[in-house]
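Throw the hints in and build the complete structure from the sequences for me.
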Amino acid sequence: MRIEMLCTGNELLDGSVVDTNANWFCERAFVRGAPVARKETLPDDLPVLVEAFRQIGARADFLVVSGGMGPTTDDLTVEAAAQAAGVPLDEDAQVLVDLKRRFAERGFTFTLNNARQARVPRGGQALPNPYGTAPAITLKVGKAECFLLPGVPREFRPLCEEQVIPRLEARLAEEGAARVHKASRVLKCFGIGESMLDDKVKALPQRHPHVEFGFRTHLPENHLKLLATGSTAEEARARLEAAARDALAAVGEKVFGADRDELPEVVLRSLQTRGATLALAESCTGGLVASQLASVPGASHTLVFSAVVYQDRAKTQLLGVDPELVLREGAVSAAVTRALAQAAREKAGATFGLAVTGWAGPGGGTQKDPVGTVYVCLSDGALVVEERQRYPFERDRVRQLAAYLALDLLRRHAQGARS
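First residue of the sequence shown? That's 0 in numbering that gives the first Met the number 0, and the numbers climb one at a time after it.
Derived from the structure by calculation, the hints contain no laboratory data. Be aware that a few hints might be false.
[Claimed, not checked] The list that follows gives simulated cross-link-like pairs (lysine to aspartate or glutamate, EDC-like), each with its CA atoms no further than 16 Å apart:
#1 K199 - D245
#2 K38 - D60
#3 K38 - D18
#4 K139 - E78
#5 K187 - E234
#6 K181 - E234
#7 K199 - E168
#8 K367 - E328
#9 K181 - E26
#10 K253 - D198
#11 K224 - E211
#12 K187 - E261
#13 K224 - D260
#14 K187 - E252
#15 K199 - D260
#16 K224 - D258
#17 K139 - D60
#18 K253 - E323
#19 K187 - D258
#20 K224 - E240
#21 K253 - D60
#22 K201 - D245
#23 K201 - E211
#24 K181 - E233
#25 K181 - E168
#26 K181 - E211
#27 K224 - D197
#28 K224 - E193
#29 K346 - D379
#30 K187 - E220
#31 K142 - E50
#32 K253 - E328
#33 K224 - D198
#34 K346 - D321
#35 K142 - D60
#36 K224 - E26
#37 K187 - D197
#38 K187 - E78
#39 K253 - E220
Below, the structure written as structure tokens:
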């Protein structure tokens, strides 16, 4: 079966928007033993899109389209697909009712151009989209089974998971052709460089000859990707699990999660498992730690207090840190960071207090603690855990790394304490 993908939008070609949908879908097709044969990115130009649909319909069996499903005059995907298929566009009454209801629920005005999203090529089918306004649409163009999806990633990806990939898997099963089955996993790491990660697992490819080991830097993380193959899906998964176990043993606590895991989610999950709560005191990160945690639904059950204490006066007046300690040790120091963590925990009555200080630059720093130096401290009342790192990078990257360092220290301690 030949699979293709078409991404539409001038913004993808002028560089103002980076297309992440194609990589996302191509990876998921690949691990199912059905790699995408061709991917195109085309402008919002009706004749160009119509011709593309016609050509793809003549050579492909399965097509996924990203973008051009909105209400404006430059959203041309549905019209182009209909012209290529030689069918008219009909207004779907149920889609129109759903659109008007959704606009009313959100307090938005339903303008006439929004009705464009209720148009469906005759013979096609509108698929529900609970993540946005435009429905997805499936139809045949030539011999290709086409799925037209909104280009917004938060809509495209779940619609793919729910509507497209199950159909793709069904088509593959229907064909019953002999193919290599694949299973993959991405182990996400922090606090270990790419070269060191490579060195840690260098013996594993020989031990697992049917598994490919790949490396990718996704700052501030480093990822180890495992891709296993087998004559059946079960064999591929079994080989993947064996390799993943060995990789985890080799890399150890530097692995914080896998695949869709994000560090803030992992941290909150670890704390919630223990019924623990958290208070934060941030200086150089300016609220980045709190922001990352608060982006996770349900964070309010765990994150009870957050203070950005940027100036020395805030440290002493808001959290009661001894002014003499700040003068003697310096605001960026292990002692002051420790005092901030303990003060935040006590003030909030939380299980843990976590604090960050540092010189993000470009100014500041001392001979002992030059620009790029960060301190993180975790206190649970009985135990204090501290780390000092120096990141010789630009300001934004120092702050990002400092926030990750704080979150990862909390993760390691919470998981270790739990076990």
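Check your understanding: Has the given pair, K142 with E50, been kept, meaning a C-alpha gap of at most 16 Å?
Key -> Between K142 and E50 the Cα gap is close to 15 Å, so the pair holds against 16 Å.
Practice item. Decide if the proposed pair is consistent with the structure: K187 and E220, CA atoms, cutoff 16 Å inclusive. Key: 7 Å, holds
**Study point:** Proposed proximity, D260 with K199 (alpha carbon, max 16 Å)
**Key:** 22 Å, violated
Exercise for review: Please work out if K253 and E328 have their alpha carbons no farther apart than 16 Å.
Suggested key: The hint is violated at about 31 Å.
Point to revise | Pair hint K346 and D321, alpha-carbon separation not exceeding 16 Å | key: Satisfied, since the Cα-Cα distance of roughly 15 Å is no more than 16 Å.
Point to revise | Restraint status (C-alpha distance of K139 to D60 at most 16 Å) | key: 10 Å, holds
Review point. Does E252 lie within 16 Å of K187 when you go C-alpha to C-alpha?
Key: 11 Å, holds
Point to revise | Restraint status (C-alpha distance of K199 to D245 at most 16 Å) | key: 11 Å, holds
Point to revise | Agreement of K181 and E234 with the hint, judged by alpha carbon distance not exceeding 16 Å | key: 9 Å, holds
Check your understanding: Are the Cα positions of K367 and E328 separated by 16 Å at most?
Key -> 11 Å, holds
Review point. Going straight from one Cα to the other, do K224 and D197 come out at no more than 16 Å?
Key: 11 Å, holds
Review point. CA of K346 to CA of D379, is that 16 Å or under?
Key: 13 Å, holds
Comparing the model with each numbered hint stated earlier shows that hints 5, 7, 15, 18, 21, 32 and 38 do not hold.
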